[in-house]
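*Asks:* Based on the provided sequences and hints, a complete structural model is requested.
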Amino acid sequence: MPVLHVENVRKSYGGSSFALDGVSFSIEKGEFVAIIGPSGAGKSTLLRCINRLIAVTSGTVSVDGTDVTKVSNSGLRILRRTVGMIFQHYNLVNRLTVIENVLHGRLGYKSSLSGTFGLFSHAEKIRAYELLQAVGLSEQIYQRCGQLSGGQKQRVGIARALIQDPTLMLCDEPIASLDPNAAKIVMDNLRDINQRLGITVVANLHQVHAAREYAHRIIGVNAGKVVFDGPPSLLTLEIIQQIYGSEAQDLMLADGELHA
Amino acid sequence: MRSIDFLMRQRLVVGLVCLGILIASYAAVVVTDYDVVKGFQSIPKAVKWSSENFYPDEKSLKRLPKIIAKMQETLVTAVTATTCAAFVGFLVAILGANATRPHWVFSIVSRAIASLFRNVDVSAWSLILLFSFGQSMFTGYLALFFVTFGFMVRMLMETIDLSSADTIEALRATGASPSAVITQSVIPTCMPQFVSWTLFMIETNIRSATLVGILTGTGIGNLFDIYYKSLNYHAASLVIVVIVIAVLLIESVSNAIRRVVLQ
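Heads up: the sequence lines are chains A and B, in that order.
Position one of the first sequence corresponds to residue 1 (our numbering), numbered consecutively onward.
Position one of the second sequence corresponds to residue 1001 (our numbering), numbered consecutively onward.
No lab work stands behind these hints, which were simulated from the structure alone.
We put the beta carbon where it would ideally sit given N, CA and C, even for glycine.
A hint or two may mislead.
[Said to hold, decoys possible] Just a few of them, taken from the derived set where beta-carbon distance is under 7 angstroms, the chain B residues facing chain A:
# : residue
1 : D1166
2 : A1176
3 : S1177
[Stated by the list, open to error] Ranges between beta-carbon positions, derived for each pair:
#  : chain 1 : residue 1 : chain 2 : residue 2 : range
4  : A       : R191      : B       : S1179     : 35 to 41 angstroms
5  : A       : A176      : B       : I1245     : 35 to 41 angstroms
6  : A       : Y13       : B       : M1008     : 37 to 43 angstroms
7  : A       : M1        : B       : R1258     : 54 to 60 angstroms
8  : A       : S121      : B       : C1084     : 33 to 39 angstroms
9  : B       : A1069     : A       : S121      : 41 to 47 angstroms
10 : A       : S121      : B       : R1258     : 35 to 41 angstroms
11 : B       : L1019     : A       : R144      : 38 to 44 angstroms
12 : A       : T69       : B       : R1258     : 44 to 50 angstroms
13 : B       : L1211     : A       : T69       : 42 to 48 angstroms
14 : A       : A123      : B       : A1256     : 37 to 43 angstroms
15 : A       : S114      : B       : E1158     : 26 to 32 angstroms
*Replies:* This is the structure we're talking about:
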C-alpha cells in the first residue's frame, strides 16, 4: 500500500480556473520525491491538500490508506500528527524558545486541555533535546527563535516535524529563503531523515539542481497538471523546458544541467 | 513626455487640494461669523488673564491632598476600564479574526460590534450611559470600557491575521487542537502588540477620563468643573498641573514597560 495516493485531485479557488487540475500519483514508503514547477503552478496548494490545510474541490487523497478528504475533524488531527511539515518561512513562534517550538510538534498527541496549557512530559522534553542535538542546535535550546539565522530556524522546523514521529514529511520550499550553505545543511538533514529513519519525504523545490541531487523521483507540475513523473535521470533539458514553459537558456540552472 | 505630464498632474492635484482647503476655511469663517482679526487680537488678552489668575497659589495648595485623591480615583478607573476591555477585546478578536474564527459569521459580528463601540465617541457614550447608570464612577468606567473594547477588537483582529497566520498553519499541521493553537501560537505572537496597544489606550483613557469625569460628575474632571464654576481659578489650575504630571508619569512608565516587552 502506498504511503500517499493522490487521485484526480482538482482545486479551484472560485472562478473558472483550477489551481490543481486532475493531479494523480502514488508515493511508496521511503521515497524522496521532489515536486518542481514554476511559481503559481500549484505546488504549494498540492502539498497543503495532502494534510487538508486546504480542502480539495474534487478527487481523493489518502495517507496510509486513510482518505484525507472524508476524515472527521478528530480523525484529521490523528492523521495530521503522522504527517510532518516544514515551510519556506519556517512558521515558528519567534517569541518562544527553540525547545518550546520543537515541543509544539507533540500537540497533535495531546488532549485539548494539556495542549492548551502546554503540558509536556519529561520524556517529550528529553526527546526534543535529543532531536535538537541531532540537527546541531543543542547550544541554542533556550534561545528565542527570532534570534536564530534562517538555516537554524529551518532546522528547528525539522526537529518540530520529527518529534511528531511522522511517516510522511511534507516540505514546502524548504530552502527557498536560505543561502547555499544553509540550504545544503537542510537538504542533507532531509536526506538523512529519509535514509536513516525511512521517512517518506515530499518536497516542493525551486532549485532543479537540488531536486536532481537529492530526490529519487521528480514530479513536474505546470498550470495545475503533472507534466513529468520519473527519476532524475529522465529529466532532460526539453522536459525542464516543458515544465517551466520557457527556453532553458533563460533559466538559471547549474552549469552541469545545461549539458546534461 | 509622459513622465513630465505625470509630475505636472501630481502638482496640479496638490495645488487643487490646497485651494480647496483655503476655500473651505473661508466658507467656515463666513458661515460662523468668525472675526479673524479679533480672534488673534484676543490671544494676548488670554495670556494676560491666565498669568494673573490661572496659577496655583498658596491657598489652593491646601487642596492638594484632595486633588491627588481624586486623581488616583480617575487613574484607577482608567486603568481598570482599559485592562478589562483589552482582555475581553482579545477574546472577541480571536473569535473574529480570519485566521482563528470558528465560523465566518463570528467575523461579521465581531467587526460590527467593534465598529459600533469604537465609532461612538467616549463623551457620547458617557451621556448615553448617564441615563441608565446616573452620576457614578461606573458610568465613566463603562464609557471608557466600550470605546477601548471597540478599538482593541479592531486592532487585535488585524494583528492576529497579520502576524500569526504562519504559525497557526504550522500548528494546525501538527494536529494541534484549536484551543492549543490559540494558547501556543496566537497569544505568544500577539502579546507584544497586545501590551503595546493596551498601554497606548491607558494613556489615551487617562486623558479621556478627565473629560468623562466632567460629564458624569466624578473624579478629577468633576473637581475641576466645581473649582472652575465657583471661579476658584487657582485651584482649577492646580488640578490641571496635577493632571499633566500624572499623564507624564504614566507615559514614562508605559514607555519603560514597552522597552522591556517589545525587545
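*Asks:* Now look at each hint and say whether the structure bears it out.
*Replies:* Hints versus structure:
1. A distance limit of 7 angstroms between C-beta atoms decides the matter here; for D1166 (chain B) the minimum to chain A is near 4 angstroms, and the interface restraint holds.
2. With a least beta-carbon distance of about 4 angstroms to chain A, the hint placing A1176 (chain B) at the interface is held under the 7 angstroms criterion.
3. The beta carbon of S1177 (chain B) comes within 4 angstroms of a beta carbon in chain A, closer than 7 angstroms, and the hint placing it at the interface holds.
4. The hinted range of 35 to 41 angstroms is satisfied by R191 (chain A) and S1179 (chain B), whose Cβ atoms lie roughly 37 angstroms apart.
5. Checking the proposed 35 to 41 angstroms range against A176 (chain A) and I1245 (chain B) shows it is violated: the Cβ atoms sit about 54 angstroms from each other.
6. In this structure the hint that Y13 (chain A) and M1008 (chain B) lie 37 to 43 angstroms apart at CB holds, the actual value being about 42 angstroms.
7. A beta carbon spacing of about 56 angstroms between M1 (chain A) and R1258 (chain B) agrees with the range 54 to 60 angstroms that was offered as a hint.
8. A hinted range of 33 to 39 angstroms for the beta carbons of S121 (chain A) and C1084 (chain B) is consistent with their spacing of about 36 angstroms.
9. At about 53 angstroms, the beta-carbon gap between A1069 (chain B) and S121 (chain A) misses the expected band of 41 to 47 angstroms.
10. Distance hint for S121 (chain A) and R1258 (chain B): a CB-CB separation of about 37 angstroms, consistent with the stated range 35 to 41 angstroms.
11. Taken as a hint, the range 38 to 44 angstroms is violated for the pair L1019 (chain B) and R144 (chain A), whose Cβ atoms sit roughly 53 angstroms apart.
12. Distance hint check: the CB atoms of T69 (chain A) and R1258 (chain B) are about 47 angstroms apart, consistent with the given range 44 to 50 angstroms.
13. Checked against the hint of 42 to 48 angstroms, the pair L1211 (chain B) and T69 (chain A) fails, with Cβ atoms roughly 58 angstroms apart.
14. For A123 (chain A) and A1256 (chain B), the hinted distance range of 37 to 43 angstroms is satisfied, since their beta carbons lie about 41 angstroms from each other.
15. With their beta carbons about 31 angstroms apart, S114 (chain A) and E1158 (chain B) fall inside the hinted range of 26 to 32 angstroms.
Checked against the numbered hints above, the structure violates hints 5, 9, 11 and 13; every other hint is satisfied.
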